[in-house]
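As you go down the protein sequences, you meet chains A and B in turn. By numbering that gives the first Met the number 0, the letter at position 59 of the first sequence is numbered 58, and the numbering carries on one by one without gaps. By numbering that gives the first Met the number 0, the letter at position 85 of the second sequence is numbered 84, and the numbering carries on one by one without gaps.
Hints listed in this document are in silico derivations from the structure and should not be mistaken for laboratory results. A couple of the hints might just be wrong.
[As the list claims (entries may be wrong)] Below, computed lysine to aspartate or glutamate pairings styled on EDC-like, alpha-carbon distance capped at 20 angstroms:
#  : chain 1 : residue 1 : chain 2 : residue 2
1  : B       : K235      : B       : D19
2  : B       : K196      : A       : D261
3  : A       : K83       : B       : D185
4  : A       : K78       : B       : E153
5  : A       : K57       : B       : E102
6  : A       : K102      : A       : E127
7  : A       : K161      : A       : E143
8  : A       : K109      : B       : D185
9  : B       : K196      : A       : E97
10 : B       : K87       : B       : E102
11 : B       : K177      : A       : E97
12 : A       : K102      : A       : E72
13 : B       : K196      : A       : E101
14 : A       : K161      : B       : D185
15 : B       : K177      : A       : E127
16 : A       : K161      : A       : D116
17 : B       : K177      : A       : E169
18 : A       : K283      : A       : D261
19 : A       : K57       : B       : D19
[What the hints assert, rightly or not] Label-pair distances were calculated between CB atoms; the ranges are:
#  : chain 1 : residue 1 : chain 2 : residue 2 : range
20 : B       : A217      : A       : S140      : 20 to 26 angstroms
21 : A       : K273      : B       : E221      : 45 to 51 angstroms
22 : B       : I165      : A       : H250      : 39 to 45 angstroms
23 : A       : S19       : B       : T167      : 46 to 52 angstroms
24 : B       : R233      : A       : R254      : 47 to 53 angstroms
25 : B       : T172      : A       : K273      : 45 to 51 angstroms
26 : B       : R233      : A       : T15       : 28 to 34 angstroms
27 : A       : K233      : B       : A217      : 47 to 53 angstroms
28 : A       : S1        : B       : G189      : 54 to 60 angstroms
29 : B       : L154      : A       : D175      : 38 to 44 angstroms
What you are looking at is a predicted structure, and each value in this text was computed from that prediction instead of being measured. C-beta: ideal position from N, C-alpha, C; glycine also.
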Amino acid sequence: MSIIIKNLTHVYMPGTPFESIALKDINWEINDGEFWGLIGHTGSGKSTLIQHLNGLLKPTSGEIIIDGVNIREKGVNLKEIRHKIGLVFQYPEHQLFEETVEKDVAFGPKNMGLSDDEVINRVKEALEAVGLNYEKIKDRSPFELSGGQMRRVAIAGVLAMKPKVLILDEPTVGLDPKGRDEILEEIVELKRRYNMTIILVSHSMEDIARLVDKIAVLHKGRLIKCGTPKEIFKDKESLSSIGLDIPQVTHLMYRLKERGIDVPTDVLTVEEAKRAILALVRRKGYA
Amino acid sequence: MRELSIGQYIPGDSFVHKLDPRTKIIITFVFMIVIFVINNFYGYIFPVIFILIAALFSKISLKYMIKGLRPLLFIIFLTFILNLFMIKGRILYEIGPFDITYEGLYQAVFMALRLIFLIVGTSLLTLTTSPMMLTDGIEYLLKPFKRIGVPAHELAMMMTIALRFIPTLLEETDKIMKAQMARGADFQSGNLINRAKSLVPILVPLFVSAFRRADELAMAMESRCYRGGENRTRMKELKMTNKDLIALCVTAVMTAGCIASRFL
Numbered sequence: 000m001s002i003i004i005k006n007l008t009h010v011y012m013p014g015t016p017f018e019s020i021a022l023k024d025i026n027w028e029i030n031d032g033e034f035w036g037l038i039g040h041t042g043s044g045k046s047t048l049i050q051h052l053n054g055l056l057k058p059t060s061g062e063i064i065i066d067g068v069n070i071r072e073k074g075v076n077l078k079e080i081r082h083k084i085g086l087v088f089q090y091p092e093h094q095l096f097e098e099t100v101e102k103d104v105a106f107g108p109k110n111m112g113l114s115d116d117e118v119i120n121r122v123k124e125a126l127e128a129v130g131l132n133y134e135k136i137k138d139r140s141p142f143e144l145s146g147g148q149m150r151r152v153a154i155a156g157v158l159a160m161k162p163k164v165l166i167l168d169e170p171t172v173g174l175d176p177k178g179r180d181e182i183l184e185e186i187v188e189l190k191r192r193y194n195m196t197i198i199l200v201s202h203s204m205e206d207i208a209r210l211v212d213k214i215a216v217l218h219k220g221r222l223i224k225c226g227t228p229k230e231i232f233k234d235k236e237s238l239s240s241i242g243l244d245i246p247q248v249t250h251l252m253y254r255l256k257e258r259g260i261d262v263p264t265d266v267l268t269v270e271e272a273k274r275a276i277l278a279l280v281r282r283k284g285y286a
Numbered sequence: 000m001r002e003l004s005i006g007q008y009i010p011g012d013s014f015v016h017k018l019d020p021r022t023k024i025i026i027t028f029v030f031m032i033v034i035f036v037i038n039n040f041y042g043y044i045f046p047v048i049f050i051l052i053a054a055l056f057s058k059i060s061l062k063y064m065i066k067g068l069r070p071l072l073f074i075i076f077l078t079f080i081l082n083l084f085m086i087k088g089r090i091l092y093e094i095g096p097f098d099i100t101y102e103g104l105y106q107a108v109f110m111a112l113r114l115i116f117l118i119v120g121t122s123l124l125t126l127t128t129s130p131m132m133l134t135d136g137i138e139y140l141l142k143p144f145k146r147i148g149v150p151a152h153e154l155a156m157m158m159t160i161a162l163r164f165i166p167t168l169l170e171e172t173d174k175i176m177k178a179q180m181a182r183g184a185d186f187q188s189g190n191l192i193n194r195a196k197s198l199v200p201i202l203v204p205l206f207v208s209a210f211r212r213a214d215e216l217a218m219a220m221e222s223r224c225y226r227g228g229e230n231r232t233r234m235k236e237l238k239m240t241n242k243d244l245i246a247l248c249v250t251a252v253m254t255a256g257c258i259a260s261r262f263l
């Protein structure tokens, strides 16, 4: 399942005094099984961009080609594309509406016209994929759950359609550290188990650096950089000039280097930093 | 959802934009009344000139004012048709059992024009006044009625909050709709009952979120010790200037003209 975006431009409310260019000349290629991180300052157009990927927004100009099909062409079944490309919005728990958790998660697969048995199987699988116990939770009202549980139910609602591509817009915002780590772990697990293509939108450079294979940087509606985390976070000056940062542990390594301690500065996770520092300590024979 | 609606405020710093909201509300009221004072076609010259002058000084293209007519076209058309067929008089043309009379045609055109002027004239108020200024103006104008128990400040506050949340709720609706569409919901196809049913996944989350927002807002206002009414000062005091005087004079001239036109 590949997604190719060519020269995508999106203008909100064209021809009115409120006209604003949200995306400009975006070129982006997402291949099967890749784990992308999409970063950018507030208002850089991240949400607008991901809404194009499953046809919720139509480009003002440019093309979006999903599995060889240009989704702007006439006769393209957008519903089918939305089954293949699951989109989890920010605060997805705000979209819950059914009386029970089971019914809410079943909304997506039911819309796909699947048989009742298949729907129930998918609901079970989806709820378990997000770490919830199907039997315990299925008859509860989604509105009486905790914030973290509500979010999982909402994510399960998208997973139940078994998308090939999963796009998550800030899936951990507003959660406590434990809930955040659990959800991220579950996302990694989904990727591993189903070989899903995942696009993660996040403000947390730590999470992005730790999880994704490739990063796309959006700034004022333009896709200014694509590359591996190491490539992207190498250039801390240009990142900070557009209001983005490098992971905190990388800051630490830079500081150490400034003080004359010979550590590598391309370290992105605490794990890596630990290893690098230990290696240095051993080499110098402090221990 | 991101469409321009009728009479939506268009920011600007023209002469009309800068007028005191009270002046604009009063002028709009006077305008509405004089439109009904006029009783012949000659009288319409005055509102036409008045609208043209206002449009010129507000730097808002006529396109937006005429756009405001579109949703009300049906009512204008209905008024026209009813007047056309219902009035007895000298017959001009016969269609089956219906007669078109000279008097009917006259009255139909006259009424349709009256409605058009009314809509265009009043939409100028909302096009050039921000909702905040508008409610401020209404609050001031309602103040004298406080003695007879009109809660002016509370009404204005309610209006402000309601207006403030219209765009928020529209945005929310848009987001929820998209989220459900991403789960394969379909709002366009099917018969009336199915379509009504398909609104449930939008309305439930929308109400839940509206209540949550109201709750949060009330809490935030209370924690900042909000007390309406008595002795409350405001950040922006409304001030009348020479511009308002000029605008009121122009309105007075138009009013005089309209009244005079009755005796032509």
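Hint by hint, which ones does the structure fall short of? Violated hints: 2, 4, 5, 7, 12, 15, 19, 23, 28; rest satisfied.
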